[in-house]
Amino acid sequence: MTGTASGTIPAAELLQAYRTMRTIRDFEERVYKEFQTGQMPGFVHLYAGEEAVATGVCDVLTPADYIASTHRGHGHAIAKGCDVVAMMAELYGKATGTCKGKGGSMHIADLSTGMLGANGIVGGGPPLVCGVGLSAKVRGTDQVGVSFTGDGGSNQGTFLESLNFAAAMNLPVVFVVENNGYAESTASSFHQSGIDVAKRADGFGLPGVVVDGQDYFAVREAAAEAVGRARAGGGPSLIECKTIRYFGHFIGDQQKYRAPNEVADAREHRDPLKNFRARVTRAGVLTDEQLDAIDTEVAELIDRAVAQAQAAPFPAPESALEDVYVSY
Amino acid sequence: MMTRKITYQKAINEAIRQEMAVDPTVVLFGEDVAGGEGSATGEDDAWGGVLGVTKGLKKLYPDRILDTPLSESAIMGTAAGAAASGLKPIGELMFIDFLGVCFDQIFNQAAKFRYMFGGKAETPMVIRTMYGAGMNAAAQHSQALYPIFTHIPGLKVVLPSNPYDAKGLLISAIRDRDPVIFCEHKMLYPMKGEVPEESYTVPFGVANVLQAGDDVTVVALGQMVGFAQQAISMLDGVSVELIDPRTTSPFDDEAVLRSVEKTGRLVIVDESSPRCGMAADVASLVATKGFNFLKAPIINVTPPHTPVPFATPLERYYLPSPERIADAISRLASTKENV
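So the sequence lines, in the order shown, correspond to chains B and Z.
Going by the working numbering, the first residue of the first sequence is number 45, and it counts up by one from there.
Going by the working numbering, the first residue of the second sequence is number 424, and it counts up by one from there.
These are computed hints drawn from the structure, not numbers from a lab.
Don't be surprised by glycine CBs; every beta carbon is placed ideally from N, CA and C.
Check before you lean on any hint, since a few could be wrong.
To be verified - Chain B stretches covered by chain Z per the calculated footprint, using a threshold of three residues with CB under 8 Å from any CB of chain Z: (1) 154–163; (2) 199–209; (3) 335–347; (4) 360–372.
Can you build the whole structure from these sequences, using the hints too?
Written out as C-alpha cells, the structure is:
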C-alpha cells in the first residue's frame with residue numbers, strides 16, 4: 045500500500061485485513077439483531093466502529109504473541125484468530141462455544157491463538173500482559189504481549205501500575221488504549237480532563253503516541269513500530285487510538301449522553317471500513333469486486349455461525365462442576 | 424533420606440532453590456525478594472526478602488529472582504499472565520494483608536481462567552505470602568486472611584505448620600498446575616525441625632494426624648498447631664487426637680470426620696477471624712456430616728472479631744493462647760455425653 049511510512053503492504057494482507065474488519069462488523073451487527081430476540085443470554089458489549097484498532101494491531105502480531113482484551117472483546121478475539129463459529133456459539137451459551145458455555149461474551153479466550161481473554165474487569169488486562177512479557181524474556185523467546193484497554197480502563201490503578209512495571213522491568217509489552225470517548229456513559233472530556241492518555245507515557249518513561257483509530261494504516265504503522273521495538277528488547281510502548289463506539293456501552297443502553305447525530309455522522313464520515321475501501325481502491329491495490337466478494341463470504345460465515353449456534357446443544361448441567369481445577 | 428534440623432525459613436528457601444535447579448521455568452519475583460536492585464553500591468541480594476527468606480537465591484539464579492516495583496496488582500497479574508504463557512511463577516505478596524490492593528488479579532483473573540475459558544487454560548502459579556500475628560506488626564501486617572482465599576473456587580490454599588511440611592508443600596505447590604496460595608506464618612520462620620536434604624513433596628488435601636487419641640479431637644492450623652501441642656502438654660488424663668489439615672483448599676474432610684466419629688468431641692483452633700473463618704467452616708462440616716458422632720457441642724477457639732491490636736498485652740489477649748486451648752479441651756473432655 046502506498047502512502048504509509050511502514051512501506052508497502054502486500055495485497056493479500058490487505059484483503060485479509062478487510063476480511064477481519066468486515067467479520068468483526070458483521071458479527072457485531074448480527075449479535076445486536078439476534079440479542080433483541082431474547083435468545084442470547086447475559087449482556088453484550090459491541091465493538092462495531094473500532095475495527096481498525098484490533099485489526100491494525102493484531103495484523104503485526106504472530107500467532108505466538110498474546111493479547112489481553114476487555115469487556116468489549118469480540119473484535120480482539122476475531123482479529124487474533126479465534127474461530128467465529130465457536131464465538132457465536134459461546135454467546136448463545138452453547139456446548140460448542142469457545143469456552144464450552146462457561147464464559148460468554150465477556151470471557152472469550154483461546155490460548156492456542158494467543159487470546160488471553162476478554163475480561164469482565166475494566167483494567168484487568170494490563171498486568172496480565174506484563175506476565176506475558178516476563179515469560180517471553182525469561183524463556184528467551186521474542187514473543188510480545190499486547191493489552192487493549194479503554195479510556196475508562198486507563199484510569200484504573202492496574203493500568204498505571206503496569207506502565208511503570210513494564211518500563212522498570214523492560215518488558216516486551218504494548219499498551220493499546222482504545223479511546224472511544226466514553227467510559228460507559230461518562231465522557232473522556234471529564235474523566236481524564238480531556239488530556240490524551242498517551243501523554244501519561246512520558247511520566248513513566250516510555251514512548252506514547254496518539255493515532256486515528258479509524259484509520260487501519262495509521263494504527264498498523266504505530267503498532268508495527270511499538271511491537272518491533274518490544275521484540276527487539278526496546279521495552280514497552282503506549283498507543284492511544286482515538287476511536288468511535290457505534291453502539292451503546294451494552295446492548296440496551298439508550299445513549300442519551302451522546303449527541304443525536306454523533307454515531308450517524310461517524311458512520312458516514314469516519315467509518316474504518318469505508319475509509320479502508322476508499323484508500324485501497326483509489327490506490328488501485330484492490331478492486332471493489334474483490335472487496336464485495338469478501339462481503340458476501342463474510343455474510344455467509346456469520347449466517348452459518350448463527351445457524352450453528354442456534355442448533356447447537358446447551359452444555360450438560362453437571363458440566364458446571366468441571367474445569368475448576370486441573371486436579372483437586 | 425538425609426535429614427538435619429533446619430528452620431522453617433530455610434526449608435522454604437531450600438524448596439525454591441531445588442525446584443529452580445530442576446525447572447528453568449520457575450521464576451520468583453516481588454518487592455525486595457532479592458533487594459538492592461538498582462543499588463548505588465552495586466550490592467544486590469541485600470535483603471533476600473523483607474525477612475530474608477529468599478536470601479542467597481539471587482546469586483544462584485540472577486535472571487530468575489527478580490525485584491519488582493512496589494505494585495502488588497502488577498505483581499499478581501504478572502504471575503497470572505506468566506503462568507498462562509509458559510512460566511511457573513512464584514509471585515511474592517509480601518504480607519497477606521496487602522491482598523487489599525491486588526485481590527482482583529488473584530480471584531477474578533488467575534483463579535477463574537481455567538473455568539471461564541472452558542478448561543483450556545492452566546495457571547500454574549504460586550503466591551507466597553506471609554501472615555499471622557505475634558510480632559506486634561498491628562492491624563495491617565498481622566492478619567490471617569487465608570479463609571478469603573479458601574472461599575474462592577479455583578485457588579488452592581496451603582498453611583504449613585512446621586519446617587518439614589513447609590518444604591514438601593512448597594515443592595508440591597510449585598509443581599501444581601493450579602494457582603496456589605502458600606501462606607507462611609511469620610512467627611514460624613525460626614522454628615527448627617527435621618527436614619530431608621533431598622527434594623520431596625507433601626500432598627495437598629491430606630491432613631497430618633500429629634497424635635492419636637480417644638477423648639477429644641483438636642483441629643489446629645498454622646501457628647495454632649504448635650500452640651495446641653503446648654496446650655495438650657499441660658493436660659493430664661485427656662487423650663487428644665491432634666489434626667493439622669495442612670491445606671484449607673483442598674481440605675481433608677475425611678480425616679476430621681473419622682476422628683470425630685471416634686472421639687465425639689471437637690475443638691477447632693484457628694487464628695483467622697471467627698466469622699466465616701476456618702473454625703466456622705470446620706464446625707459446619709462436622710455439624711452437617713458428622714452430627715451423630717458428637718457427644719457435646721463443638722468449641723471454636725479463635726481470636727475475637729476485632730482487628731489485630733499492636734501492644735503486646737493486647738496482641739496476646741487477641742491470639743488464642745495455649746492456656747485458652749487447654750481450657751477448651753479440658754472443659755469439653757469433662758462434659759457429659761449428649762443424649
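Going through the hints against the structure:
{"no.": "1", "hint": "154–163", "verdict": "holds (count 6)"}
{"no.": "2", "hint": "199–209", "verdict": "holds (count 6)"}
{"no.": "3", "hint": "335–347", "verdict": "violated (count 0)"}
{"no.": "4", "hint": "360–372", "verdict": "holds (count 7)"}
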